[in-house]
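2 protein chains.
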Amino acid sequence: MAVNLYDAAHDLEKVIRESDEYKQLKQAYAEVNVDAQAKQMFDHFRQIQMNIQQKQMMGQDISQPEVEQAQKMVALVQQNDKISKLMQAEQRMSMIIGDLNQVIMKPLEELYGEMKF
Amino acid sequence: MAVNLYDAAHDLEKVIRESDEYKQLKQAYAEVNVDAQAKQMFDHFRQIQMNIQQKQMMGQDISQPEVEQAQKMVALVQQNDKISKLMQAEQRMSMIIGDLNQVIMKPLEELYGEMKF
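Residue numbers (our numbering), protein chains in the order written: chain D, 314 to 430; chain E, 314 to 430.
Misleading hints may appear alongside valid ones.
[What the hints assert, rightly or not] Heads up, incomplete: computed chain D residues facing chain E, CB under 7 Å, no partners named: (1) A315; (2) A321; (3) D324; (4) V328; (5) I329; (6) A402; (7) E403.
None of these hints come from the bench; they were simulated from the model. Ideal placement from N, C-alpha and C gives every residue a C-beta, glycine not left out.
With the hints as extra help, turn the sequences into a complete structure.
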């Protein structure tokens with residue numbers, strides 16, 4: 314890969330790392346990580362979430378009890394201030410990454426648009 | 314999103330657009346697009362490929378006839394110089410995008426690594 318491609322990617326990486334949103338996300342993670350109760354709750358929540366996502370990706374049905382368990386878990390973890398802060402920080406970061414990807418992928422989208430599959 | 318995040322993403326977008334690999338891909342697309350026979354063959358191939366990928370993502374089985382049809386199609390399209398050039402250019406571009414993503418996503422990977430789900 315050409316040097317300037319790497320350079321431009323590393324510049325962007327640095328700007329992400331130095332952004333308020335990344336710093337806040339890092340801080341929010343650290344706060345959950347040092348709180349054993351919050352950490353355990355969050356890990357459990359993430360596990361349930363990942364199971365459901367995996368099933369959805371595989372086209373498998375999500376059972377009613379599973380949906381209810383997940384909804385209860387979301388309501389529960391959101392009552393924890395540290396986890397709720399972390400989830401908000403994750404959402405902000407994920408929106409930023411989505412926005413960045415849209416900008417970076419524009420040249421390719423233009424090409425695929427021309428091809429009209 | 315902070316201005317410098319957008320700026321850094323736009324810089325990277327510009328470098329991608331000006332890269333040899335992108336220019337070659339664009340050229341290869343254009344050459345297939347103006348060749349009605351190559352275009353039709355490539356569209357058909359891409360359609361078969363996408364059907365298989367979709368089935369794989371849904372966890373569905375790919376039947377033996379489908380595998381054989383896809384293999385025959387790959388062998389066929391690769392005999393077409395313009396398509397074969399396009400597929401090589403696509404592969405190079407896709408490797409570059411993968412490399413760039415690895416660089417850009419490093420700050421987030423570090424965080425998720427710490428969390429150890």
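Going down the list of hints, with the structure as the test:
no. : hint : verdict
1   : A315 : holds (6 Å)
2   : A321 : holds (4 Å)
3   : D324 : holds (5 Å)
4   : V328 : holds (4 Å)
5   : I329 : holds (5 Å)
6   : A402 : violated (10 Å)
7   : E403 : violated (9 Å)
Checked against the numbered hints given earlier, the structure breaks hints 6 and 7 and satisfies all the rest.
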